[in-house]
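Spelled out, the chains give:
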Amino acid sequence: MNKPIRAVSIFCMFLFLALMANVTYLQFFRSDDYNTDPRNARVAAAAFSRERGLIQVGDNAIARSEPVDDQYKYLRVYPQKELYAPVTGYLQLGSQTGIERSQNKVLSGEDPRLFVNRLVDLLKGDTNQGGNVSLTLNPKAQRAAYRALRDTVGPDGEGSVVAIEPKTGRILAMVSFPTYDPNQLASHDRETRENAYDRLDSNKHQPLLNRAIQTRLFPGSTFKVVTAAAAIDAGVYDQDSQVPSGATWQAPGTSGSHNVIDNEGRSGCSPTTISFAAAMENSCNTAFAKMAVKVGPEKLRDTAEAFGFNTDYLQDLGPQAQSVFPKSVVDTIDGKQQDPRELNDAETARSGFGQFSVQATPLQMAMVVSAIANRGGLMKPYLVDEIQTASFDVLETTEPEKLRDAIKPQTAAALTDLLVSTVDDGTASPAAIDGVSVAGKTGTAQRGVEGKPPYGWFVSFAPAQNAQVAVAVMIQEAPGKEIAGGQLGGPIAKAVMEAVLNK
Amino acid sequence: MASNSALMGFVHRRRRGAELFLLVLALVVGIGAYAAVGLGVDGEVPTNLIGYGGWLTILVVAAHVAVRIVAPYADPVLLPVVAALNGLGLAVIHRLDLAKDTALASQQLTWMTLGVVLFVGTLIILPDHRLLARFTYTSGLTAIVLLILPMLPGIGRTINGAKIWIALGPFSFQPGEVAKVLLVITFAGYLVVHRDALALAGRRVVFIDLPRGRDLGPILMMWAVSLGILVLQRDLGSSLLFFGLFLVMLYVATERPGWLVVGGLLFFGGATAAFKLFSHVQSRVDIWLDPFADPDGSGYQLVQALYGFAWGGMVGRGLGEGMPEKVPYAESDFILAAIGEELGLTAVMAILLLYGLVVERALRAALISRDGFGKLVATGLAAVFALQIFVVIGGVTRLIPLTGLTTPFLSYGGSSLVANWVIIAILLRISDQARRPLPDLTEAEDDPDEQATQIVKVVPS
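Taken in order, these protein sequences are the chains called U and V. Mapped onto this note's numbering, the consecutive letters of the first sequence carry residue numbers 1 to 503. Mapped onto this note's numbering, the consecutive letters of the second sequence carry residue numbers 1001 to 1461.
No lab work stands behind these hints: they were computed from the structure. Watch out, some of these pointers could steer you wrong.
To be verified - Label-pair ranges, simulated between beta-carbon atoms:
| no. | chain 1 | residue 1 | chain 2 | residue 2 | range |
| --- | --- | --- | --- | --- | --- |
| 1 | U | Pro38 | V | Met1314 | 22 to 32 Å |
| 2 | V | Met1151 | U | Asn35 | 41 to 51 Å |
| 3 | V | Gly1054 | U | Glu110 | 40 to 50 Å |
| 4 | U | Pro112 | V | Gly1054 | 47 to 57 Å |
| 5 | V | Met1349 | U | Asn35 | 17 to 27 Å |
Said to hold, decoys possible - Think about it this way: if two alpha-carbon atoms lie no more than 30 Å apart in a straight line, the pair counts; the simulated DSS-like pairs of lysine-lysine are:
| no. | chain 1 | residue 1 | chain 2 | residue 2 |
| --- | --- | --- | --- | --- |
| 6 | U | Lys105 | U | Lys380 |
| 7 | U | Lys3 | V | Lys1457 |
| 8 | V | Lys1100 | U | Lys73 |
Stated by the list, open to error - Residues from chain V shown here face chain U by an in silico Cβ test under 8 Å; the list is partial:
| no. | residue |
| --- | --- |
| 9 | Met1323 |
| 10 | Leu1352 |
| 11 | Ala1383 |
All of these numbers come straight from a predicted model, not from anything done at the bench. The beta-carbon is built from N, C-alpha and C at its ideal position, and this holds for glycine as well.
Using the sequences and the hints, build the whole thing.
As structure tokens, this is what we get:
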């Protein structure tokens, strides 16, 4: 019987060889596929159980990993709670938002720039530590912006503040209100986490939204800065020109009282022609509507796009809503969509003071004034200043990058003069700072819904001739308060500028 | 062959010292893994390490002493290999206990104790494996009764869709594991008696010599009945195992490869029929073909096992550093996924080699065994072992469709562990008989009457 027994032995050997080959295939050749499968809970849990790098503002950690005695070993802690929540975002098992998401590779230690450190950790037998991310935010400006906005709009209000350093594009403050405590969302206790999320997600004020980059609204009168820039840049007017104005204007090609543009009672706009400075100081809708029609929709769009409308520019945080200057209009006649056409005069006129279909995020409006403050040069906005190893060795510093010259330097200088006089002698006076020349513009945008209060805007920069900070304030809701751009937004912008200028 | 070795004066050495040395290595594996689990999960050596390690040592030493006394010529490799596997299995079950807050490892240690007691008991009450041949029909009948038991109302239990359990008071028990051993004895006992008739008498059909019905009939019946029961119980793994076992033993007994052809055809026929008839077979095949079609539903277990294996990679995450508890039933059928995740491809290969060694040693015992019954029993047990390993490990690594079977010595499960210890005892007994030197013939040489007669050791009564 030994011959068949030998045959059986060989058969068994093949069975084992097949098992060995298959296991080798599975654990060696296929392992990378499975180990990068996002459905694999081990991948997420491993990242979640690692000591993640810090997110820092100045010398302070605004997000850090604290050792805890549970299965995930480290708990993500946000010591400043609400203050930086829209920027940092929060960390959960398998998902992140904000900087936690955009810088996940660095923070988790997977970034190739941390390769050498990973190797050293491995050799020393240490567990892999994530790298640190240092932000451009100015803690004083951030706190000033948050407090001023919160105190202005009240607990049921909504708004946002963005401050940029015009010469570099560094984002100095980014506030969205209402906000949330990321510690609850990062909790390892499932119930705490889910209750917090459900409560925030169902809140009608949308605290999870980062309004600075995700909410776009009619910019209203703050957009007049863009219209003025287009007019001066194209040589239609200069800052000393007399511009057509008037108490009311029936938009060209229209009829009916709802198409009459007025100045909401600002009598300084009523003469047939007024100085460019007066038009800006009084924020004359009629003057800028006529100016927009004279400049034409193409030039207006070109200028808006040069400032960043209709494009994405922020890489460090997402998702970012694109600000809009309408590219075309699609009419519907008898239920049928027509071919896209250029804006007609009435539409251009309303676009000229930030209505019709023009929409902007607070970050976009901060960039508009920031470019003017930087002699027309639009810098790419950024939040991540430095990437560091866990032991704070700098691996990479973000270099400021100029996106483009949005307008000519002389146009920027002329606009600066106009905006300074708007603060000194016009509607933007609440932002004036003693001893500093401030340039600013208010905005009050009708939301196009009857009976609802308007949005309030305020944009400014200071010092006017050597700007260190450009600010945009957006007030979406301020229950119980009269939203007239300058009154609410001006003091907030002032507080932020003072914080940056150490006033 | 036996006479040849006697002529050449070749005598197998006992090698008990080598066995003891290997057993120390096996204990290092088992106790070391247990300590590593504590260090990996809690950051400290388990407090009961001394007690646990001491108990494991006592069991292993007891088994060794028993072998030294009652089976001194037994194969020296088998016991250390299974001791290492059992010890490693206990450590991994303990690891999963810590993750899932269960206490299966201590139960498994109790089962191991019972297994070693039965191992020693088998070696003592079975001084010669040929004693088993007396129970050819008794054990066959017992096997069938055991297989039917789970279907009886009252004591039968359905766990996870398979009616393969019986409940006796607080204990649940898988009679199939014992039936497996009994059927090997039955097949061997029957085939060794009827092998000539099966091989020579009969009619030739096409290219195969079919034996006479009266020769093959009884054993065929027994086989068909046990297979039928298992199919009714939806125990795919065991059905496959018993079918393959019978085929191998028939082939070895008759020395006719034609049986393999017939068996192979029958297997494909049966498998096709099962696929067409039973929805649970179809779903197993579907999961095998594409486990990711429903990764959170029917494919969940296999998908998690695959992730686990991949997560382990070459050297594994380290005990306590993976998430083996993600795989449902990681402590039983899927224990290899837990090992693959935390100890890596290296450990899985080592385990496959250990299993390979068990099979090789069993087949070696079959080769050198001096009697047909011993050869058949050893081959049968080797085949059961090899097929079971192939079916379960092939299943969890997605080489073949998944069928439920335990991983011998590693998986949690008392019936399986105890039955496997008895299998090893029988294999040791056969190898002891095979390696034992022949009785001295020199005295008989002068007596011409004795010369023609070969001395054969008498089966003790």
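Between Gly1054(V) and Glu110(U), does the C-beta distance stay in 40 to 50 Å?
-> holds, 45 Å
Distance restraint evaluation - Pro112(U), Gly1054(V), Cβ atoms, bounds 47 to 57 Å | Check passed, 51 Å falls within 47 to 57 Å.
Take the C-beta atom of Met1151(V) and the C-beta atom of Asn35(U), compute their distance, and say whether it sits inside 41 to 51 Å.
-> Check passed, 44 Å falls within 41 to 51 Å.
Does Lys1100(V) pair with Lys73(U) here, judged by a C-alpha cut-off of 30 Å?
-> holds, 17 Å
Taking 8 Å as the limit, does the beta-carbon of Ala1383(V) come near enough to a beta-carbon in chain U?
-> Cβ of Ala1383(V) sits 7 Å from chain U, so the hint holds.
Holds or violated: is there a CB of chain U closer than 8 Å to the CB of Leu1352(V)?
-> holds, 6 Å
Met1323(V) as an interface hint toward chain U, with CB separation required under 8 Å = holds, 5 Å
Can the suggested window of 17 to 27 Å be confirmed for the beta-carbon pair Met1349(V) and Asn35(U)?
-> With a Cβ separation near 19 Å, Met1349(V) and Asn35(U) satisfy 17 to 27 Å, so the hint holds.
30 Å Cα cutoff - pair Lys105(U), Lys380(U) | holds, 22 Å
Given the hint that Lys3(U) pairs with Lys1457(V), does the C-alpha gap stay at or below 30 Å?
-> holds, 25 Å
Supplied distance hint 22 to 32 Å, evaluated on CB atoms of Pro38(U) and Met1314(V) = Given range 22 to 32 Å: holds, Cβ gap about 23 Å.
Taken one by one, the earlier hints all hold for this structure without exception.
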